[in-house]
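Just so you know, the sequences run in chain order A and B.
The numbers in the working numbering rise by one with no breaks, and the one at position 18 of the first sequence is 18.
Adding 1000 to a residue's 1-based position in the second sequence gives its number in the working numbering.
FYI, nobody ran anything at the bench for these hints, they're computed from the structure.
Keep in mind that this is a model prediction, so the values were computed, not measured.
Some hints could be false.
Unchecked claim - Incomplete in silico selection of chain B near chain A, CB under 8 Å:
{"#": "1", "residue": "1037"}
{"#": "2", "residue": "1061"}
{"#": "3", "residue": "1250"}
{"#": "4", "residue": "1282"}
{"#": "5", "residue": "1458"}
{"#": "6", "residue": "1472"}
For glycine and all other residues, C-beta sits at the position ideal for the given N, C-alpha and C.
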Amino acid sequence: MSELTYKPFQASDYKSAQAVRWCPGCGDHFLLNSLHKAMANIGIPPHQIAVISGIGCSSRLPYYMNTYGFHTIHGRGAAIASGLKVANPKLSVWQITGDGDCLAIGGNHFIHSIRRNMDLNIVLVNNQVYGLTKGQYSPTSNRGYVCKSAPYGTVEDPFRPAELTFGARGTFFARTVDVDSPVAVEVLTAAAKHKGASVVEVLENCIIFNDGTHSAVSKKEGRAKNAIVLQHGKPMIFGENNEKGLILDGMNLKVVNLGENGVTEKDILIHDETTIDFTLHLKLATMPFPEFPIALGVIRSVKAPTYDEEITVQIKDVQAKNPTRSLKDYLMKGEIWEVK
Amino acid sequence: MAEQVKKDNQDNIVIRFSGDSGDGMQLAGTLFANISAMSGNDISTFPDFPSEIRAPQGTLSGVSGYQVHIGPKVYTPGDKTDVLIAMNPAALKINVKNLKNSSVVVIDTDSFTKKDLEKALFSTSNPFEELGIGNISVIEAPIGSMVKESLTNSGLEGKDVLRCKNMFALGLSCWLFDRPLNLAESLIRTKFAKKPIVAEANIKVLHDGYNFGANTHASVPTYHIATSTKEKGFYTDVDGNTATAYGLIAAAEKAGMELFLGSYPITPATDILQELAKHKALGVKTMQMEDEIAGICSAIGASFAGSLAATNTSGPGLALKSEAIGLAVMAELPIVIIDVQRGGPSTGLPTKSEQTDLMQALYGRNGESPVAVVAAKSPTDCFDAAFWASKIAVEHMTPVILLTDGYIANGSGAFKIPELENYPSIQPHYIKKDQQNWKPYTRNEETKVRYWATPGTEGFQHRIGGLEKDYTTSIISTDPANHQLMVETRQEKINAIANFIPIIDIQGDANADVLIVGWGGTYGHLLSAVNEMNENGKKTAFAHFSFISPLPKNTEEILRKYKKIIVCEQNLGQFAGYLRMKIHGLPIYQYNEVTGQPFLVSELVKYFTKIMEE
């Protein structure tokens, strides 16, 4: 995007005129506002942005954007966004997807677009339930979750989006909550600036079918001790009075109290989002609550070649060596004979 | 050198190269076809190979064949063979049913040992007697040992030496058909440009084969084939899949668009992906996606971006793509979906050919979901069909399904290098720069085509999607009357395409009482059968459909003229049923064959005659 010069935009420049129709109190409202703000932050003109979605509550989001938008079919947003990005790499392409859309029916496209490091901003809205079909468990619902399609509780373990992302060689993973606007705007902005597949997991509440699922971090009271906001180059400190921190104890992370047992800020881990090895990123992203805090912020952001850029470069390289530009020229250089 | 006996008045000749799937028969056949085309013949070819990559050597299931039909006027690869090259007993056994009386069979005697005969399930030591074929000329050549002898000190060893056996067969065929060896030599040098030792060994063996014929078999008739009366110009040899790829490239060039193919490998459609992946110099973008659904979805994304977008597949893949096709119908985005039909259902017969996906193409989606459907009639016609499919897609903002089949996809013909200036223009239905009050579903009220605004265009940001939209405001709508209107509008848009495509014309004898109707890849066989009927005084008319949805404007007018209509297709009557639904009360008879093999002209003539005389 660097070759374009941008004039300043307001969040309102990215809002469409369409009336928003999510349930009152739904986290999607919050996400939409954060997205408007992040886009204004980045300053890409609305006509240079395309927002692609699949099916589900959150997938209605493109209708509320004053950008180009395409509300597609269940699970396939990543594949459609990939084709769009390759066809026009100049566009800023966003995929809005839910836990069912992305990780159940769309799981294959999700992992492969990450593996290709397609320059997409994938916003994964995770409320751990199917909302639009009225309350069935999703691939991120916890074992034992009781709902209409599992009245005696589920007997399966959930996916953890970060594990899939890293397993597919993901270059960017961030997490935010659906109430914490500054962090959300910050990670969405970072995702847009990252070249490659950026996955932003938004821990979101479904007020109707899964109310309070992320209450440990979604409520202001308690968030400071239940969550840690990771920042590149900064020590991993959290707690109501910044009194806790994370250290490495052998191969494992450990929560420590600053000032106890001689622990000082120097002992605390410094967050490095850029390490190629994802071992620590994975540990941070999958820390079990409540023994550990839930990690928010940009957990991983590493540089790697992107598919869309590579295919553009490949075409340029071939064209530099091969002057043929029309089908007829190509055919006339092949095995031909003349009928006179 | 013995003098060759020329067989007089030899119009058309069918030769079949047959052997183990590792014997290089496809290469020998392709080279022979190219040499013949360069010598001025019409050609039509039919590769017939097993779906196993390497079945057990010498067995019946491992036989791979390549049939070439040459002559002054050729429309099919031919029903039966005049010359059979059988590299082993299994090849002889598999092909014996298609031998003409008095045909010539070349065998490699080194591969006709007791063990070889047993592998091909012969129980005696005389395969010809056992198969009950008497009236043929057999050329017995110890190909294996002669090739070994010839290539001592050639620089090749072991298996690499025996890989040259196919060139012996080719050389012998060149002698039989009076083909100059210099054409074969240059083709071999091009083919093995990076391996000069292999090239020279192959050329040496090619000469050995030719000399073997000249020195030892003067008594076998050789053939002189009349040249064709083709239009002047430059020609190349293409198979249907390659021609399809070229047609897409040509359409993109004509329209001034970028070409994008989203794909997933599937037999027999993969060659289209492989061909287009080569053409980076022409700016073609291809993506091999993670599955069939991603193949079409990436193309839909590219279409949204403003590319000429296509996806290629075969029947099972088309089934997987159906939901996404519905999205393109609803979003009214152009996309070309190429279905290279194969034997079905399910995995079916992957390397064999059928026309059984017609109903799937027309109706295989949820909801009222009309698309345009076009069918290619021959390997070289795949070019025009792909060009037209692209033109319809971007001018009418609709998915277009292009039906080809395994037979024309792998078969080849002489292809006149097209002059694109003689092709119709392609004008994508873009928004006008000064367009006022534009909404995504604002239409040309005559054609019902919406105006296309592509991302990146300032001031035209918009949202589309799979949900029903309001006719006027283009926002989501569940209003009953609006849905009725939109359903009808999408159908009218497809119907209106009939005003922009060629009308159907009648071949054969237009004044006949009997009309033969076909569509797609059966064209060559049907035309040959119709010509034979008329040559024998049995008046027969012929209408072949390339445009199926919508049908050409004059379809009903034409069909009403005939007392008997015989609809011929490689399914159980899908086009016949479609015609009955569209036009009531037609006197339709059906010729249906679903064997995975091309029609036989002789069988068609027999059936036409029977219906005519009923």
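Interface hint for residue 1037 of chain B, Cβ within 8 Å of any Cβ on chain A: Holds, because the Cβ-Cβ distance from residue 1037 of chain B to chain A comes to roughly 7 Å (cut-off 8 Å).
Interface hint status, residue 1250 of chain B versus chain A (Cβ within 8 Å): holds, 5 Å
Take the shortest C-beta to C-beta distance between residue 1472 of chain B and chain A; is it under 8 Å? Interface hint status for residue 1472 of chain B: violated (15 Å vs cutoff 8 Å).
Please check whether residue 1282 of chain B passes as an interface residue: C-beta within 8 Å of a C-beta belonging to chain A. With a closest approach of 7 Å, the residue 1282 of chain B hint holds.
Chain A contact restraint for residue 1458 of chain B - C-beta distance below 8 Å: holds, 5 Å
Status of the hint placing residue 1061 of chain B at chain A (closest C-beta pair under 8 Å): violated, 33 Å
In terms of the numbered hints stated before, the structure departs from hints 2 and 6, listed from lowest to highest.
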